[in-house]
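Protein chains in written order, with the working numbering: chain S, 3 to 408; chain W, 3 to 408.
Errors might be hidden in some of the hints.
Treat identical chains as interchangeable: a pair holds within one or across any two.
[As the list claims (entries may be wrong)] Cross-link-like lysine to any residue pairs, in silico, SDA-like; alpha carbons within 25 Å at most:
1) K117 <-> K317
2) K267 <-> L239
3) K227 <-> E367
4) K393 <-> G320
5) K31 <-> G320
6) K321 <-> R119
7) K267 <-> S384
8) K31 <-> D114
Keep in mind that the hints were calculated from the coordinates and are not lab data.
Number of protein chains: 2
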Amino acid sequence: MINIAVLGYGTIGSGVVEVLGINGESIKKRAGDQINIKYILDLREFPGDPIMEKLVHSIDVILDDPEINIVVEVMGGVEPAYTFVKQALLRGKSVVTSNKELVAKHGAELLDLAKERNLNFLFEASVGGGIPIIRPLNQSLTADEIVEITGILNGTTNYILSKMSEDGLDFDTALANAQKMGYAERNPAADVEGHDACRKIAILSSLAFGMQVDFEDIYTEGITKITDTDIKYAKVLGARIKLFASSIRGNDSHVHAMVAPVLIKANHPLFSVNDVFNGIFVRGNVIGDVMFYGSGAGKLPTASAVVADVVDAAKHIGKNIWTIWSSKKLELTDINQVQHRFLIRVAGEIEKAKAEANKLFGEVEEVMVPEITGEYAFITGSITEQEMKEKKEFLDGVVSIIRVRF
Amino acid sequence: MINIAVLGYGTIGSGVVEVLGINGESIKKRAGDQINIKYILDLREFPGDPIMEKLVHSIDVILDDPEINIVVEVMGGVEPAYTFVKQALLRGKSVVTSNKELVAKHGAELLDLAKERNLNFLFEASVGGGIPIIRPLNQSLTADEIVEITGILNGTTNYILSKMSEDGLDFDTALANAQKMGYAERNPAADVEGHDACRKIAILSSLAFGMQVDFEDIYTEGITKITDTDIKYAKVLGARIKLFASSIRGNDSHVHAMVAPVLIKANHPLFSVNDVFNGIFVRGNVIGDVMFYGSGAGKLPTASAVVADVVDAAKHIGKNIWTIWSSKKLELTDINQVQHRFLIRVAGEIEKAKAEANKLFGEVEEVMVPEITGEYAFITGSITEQEMKEKKEFLDGVVSIIRVRF
Numbered sequence: 003m004i005n006i007a008v009l010g011y012g013t014i015g016s017g018v019v020e021v022l023g024i025n026g027e028s029i030k031k032r033a034g035d036q037i038n039i040k041y042i043l044d045l046r047e048f049p050g051d052p053i054m055e056k057l058v059h060s061i062d063v064i065l066d067d068p069e070i071n072i073v074v075e076v077m078g079g080v081e082p083a084y085t086f087v088k089q090a091l092l093r094g095k096s097v098v099t100s101n102k103e104l105v106a107k108h109g110a111e112l113l114d115l116a117k118e119r120n121l122n123f124l125f126e127a128s129v130g131g132g133i134p135i136i137r138p139l140n141q142s143l144t145a146d147e148i149v150e151i152t153g154i155l156n157g158t159t160n161y162i163l164s165k166m167s168e169d170g171l172d173f174d175t176a177l178a179n180a181q182k183m184g185y186a187e188r189n190p191a192a193d194v195e196g197h198d199a200c201r202k203i204a205i206l207s208s209l210a211f212g213m214q215v216d217f218e219d220i221y222t223e224g225i226t227k228i229t230d231t232d233i234k235y236a237k238v239l240g241a242r243i244k245l246f247a248s249s250i251r252g253n254d255s256h257v258h259a260m261v262a263p264v265l266i267k268a269n270h271p272l273f274s275v276n277d278v279f280n281g282i283f284v285r286g287n288v289i290g291d292v293m294f295y296g297s298g299a300g301k302l303p304t305a306s307a308v309v310a311d312v313v314d315a316a317k318h319i320g321k322n323i324w325t326i327w328s329s330k331k332l333e334l335t336d337i338n339q340v341q342h343r344f345l346i347r348v349a350g351e352i353e354k355a356k357a358e359a360n361k362l363f364g365e366v367e368e369v370m371v372p373e374i375t376g377e378y379a380f381i382t383g384s385i386t387e388q389e390m391k392e393k394k395e396f397l398d399g400v401v402s403i404i405r406v407r408f
Numbered sequence: 003m004i005n006i007a008v009l010g011y012g013t014i015g016s017g018v019v020e021v022l023g024i025n026g027e028s029i030k031k032r033a034g035d036q037i038n039i040k041y042i043l044d045l046r047e048f049p050g051d052p053i054m055e056k057l058v059h060s061i062d063v064i065l066d067d068p069e070i071n072i073v074v075e076v077m078g079g080v081e082p083a084y085t086f087v088k089q090a091l092l093r094g095k096s097v098v099t100s101n102k103e104l105v106a107k108h109g110a111e112l113l114d115l116a117k118e119r120n121l122n123f124l125f126e127a128s129v130g131g132g133i134p135i136i137r138p139l140n141q142s143l144t145a146d147e148i149v150e151i152t153g154i155l156n157g158t159t160n161y162i163l164s165k166m167s168e169d170g171l172d173f174d175t176a177l178a179n180a181q182k183m184g185y186a187e188r189n190p191a192a193d194v195e196g197h198d199a200c201r202k203i204a205i206l207s208s209l210a211f212g213m214q215v216d217f218e219d220i221y222t223e224g225i226t227k228i229t230d231t232d233i234k235y236a237k238v239l240g241a242r243i244k245l246f247a248s249s250i251r252g253n254d255s256h257v258h259a260m261v262a263p264v265l266i267k268a269n270h271p272l273f274s275v276n277d278v279f280n281g282i283f284v285r286g287n288v289i290g291d292v293m294f295y296g297s298g299a300g301k302l303p304t305a306s307a308v309v310a311d312v313v314d315a316a317k318h319i320g321k322n323i324w325t326i327w328s329s330k331k332l333e334l335t336d337i338n339q340v341q342h343r344f345l346i347r348v349a350g351e352i353e354k355a356k357a358e359a360n361k362l363f364g365e366v367e368e369v370m371v372p373e374i375t376g377e378y379a380f381i382t383g384s385i386t387e388q389e390m391k392e393k394k395e396f397l398d399g400v401v402s403i404i405r406v407r408f
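Using the sequences and the accompanying hints, generate a full structural model.
Listed below in structure tokens is the structure:
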């Protein structure tokens, strides 16, 4: 019997209990042993819930119990999760977590701690919910140099953008909708400002390139400025607007990373990733393009990934699963040097705007939406972010600027 | 240093040499040791090729060399691959293979042999080329009961169907096209008759359900009967025709499996898998829907998967990676009991055909393509294959019948 403790009895914690209940028999077969939840740590009480008999309020009960082999941290947030997880590793327990903040900030250190002690620190559920992506990156794409990793990593923003596109809603209505459906928090900033996606791409980039990518270094732009008018332009172009979290290694081996809304067309593998689904696109120098798709959040899908990690930890007691993520910092390319095409909308008299655009950007691709008047929209050639910034200063009445990935 | 031998210097064999050449440094880091190709087995000579110094013509040189830890079998076909692989395992060498015929037929036995000897038998490249699917099934989806696994597993037929759809080609022209592009063999039967996809879904089903699924038991229908007229009906429906290889566990826990062309709509995750790409859709009882996408064939993508398995074998010398695939046979549900909707085209006078269809199938959904006359087409409700067979006997002038997945 493998005894585990679950830290946090929220959505994911209760999902873990549920998954072990539903699929206990087949999980036992795969883990080679029965997985038993011995403790659940939570400050709250849950009167009437059968888990009450396992409930403890102090981490020490868990840390002090030599029977506990694996600790499952599903509390979220950096503290006290970090302290608890570090203590667990120091006390000889493997750790499984779904906590992206913790992994983005302390992943390298906690992996090292685990390795030194022949333990494991596993975090499949921290990115892409149920989608297998961490393990494939670590164990399947080992023959490749990763050239690009780009994900739709936040279900809330993808849902909002999908609804704006499908139902013609404006941002506020789509957000309110997402909140009503339980897909967005009351305070949606972490999602809509791109911070959630930023932490997730930091984790994926660290694994893909084997070095520490600090999330604070990643240029991050959310979707709050996207309007229903932008969506109309996307439609005319046969494109969609998606919040991309992206890391790309250039020819000079330098990596740039960013989170921002982009326009993509149907030939991009992430084009069909809609609603609350997530998708992760990986390009390797020999494998070419691969893509992983599934539920990026939700109680059971996320719990499925957590429990799969528990199974892996149970199969590897006393043996570290090697993960290459050095604490050495990867210096990202200055975002100002990165090239994109841009869709620019300018309010005002069309002929004047057109003349200005041509003067500043040379030959541009005009985009016209029949029902929209009083503005001029165009797509630039490939220019650096720096050039963009400089040139837009000379452009009167800029309404919106969106990066174009086609 | 880990010494390996490569059996077969064809497309994939030379790809393995190339991948180890291109990415040798990072592969060494991931494997924890240098991977060295000591021998290449092939009956042919390759004058002028630097691999000549490693070329051997007899398997015994490899089997007798205790320095060889891992044997890479990329010859294809059941024999002599089976004999060579079995001998290698009996002589204490782990085996990596890309050979779907070998794995579909002898997978369970070879896995057992490997397990008994603390060796590994790995075959990521046998299904879906470079797409990570075997390892995710074995190690990532371990918290789930798999309910369905459906793949577009053959790039050649997917290319043909895509070209028929995009360019309005008929089957023969699209096939000739595929042959000219090098995507189809001179003798295309294994691809277009569905045999290749059948072996691959047999492997995936065996892993998903943990028991032996014999490929001979899987109902298999190719794409040779699909015409450009069928494609026109698909378009009118907003659908595409895809060759699906599918295993589904019903509510009664019985599994049915089949390879056949089906009509799907844009809401299916495999809808956008076009050209030579492959996609594999998996539904689990807790994870929900996930999908894996990438190059299903090709020299470098396939070699990438082979080399990733070599890395895994190198990291697990002396330790078996547990794979659940019992040699106990899984009895599939009789295909006649399986329910589908069907698109049926009937030649002849429309009012007569319509009356007949209504008499036999009750309420049906009519499908009309403006430029097609002299035939009547309709989609049935959900009926068993048996009912379909019986009813079509009473229907005059049936032109085509295609299963519908929406």
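Output the numbers, in ascending order, of every earlier hint that fails for this structure. 4
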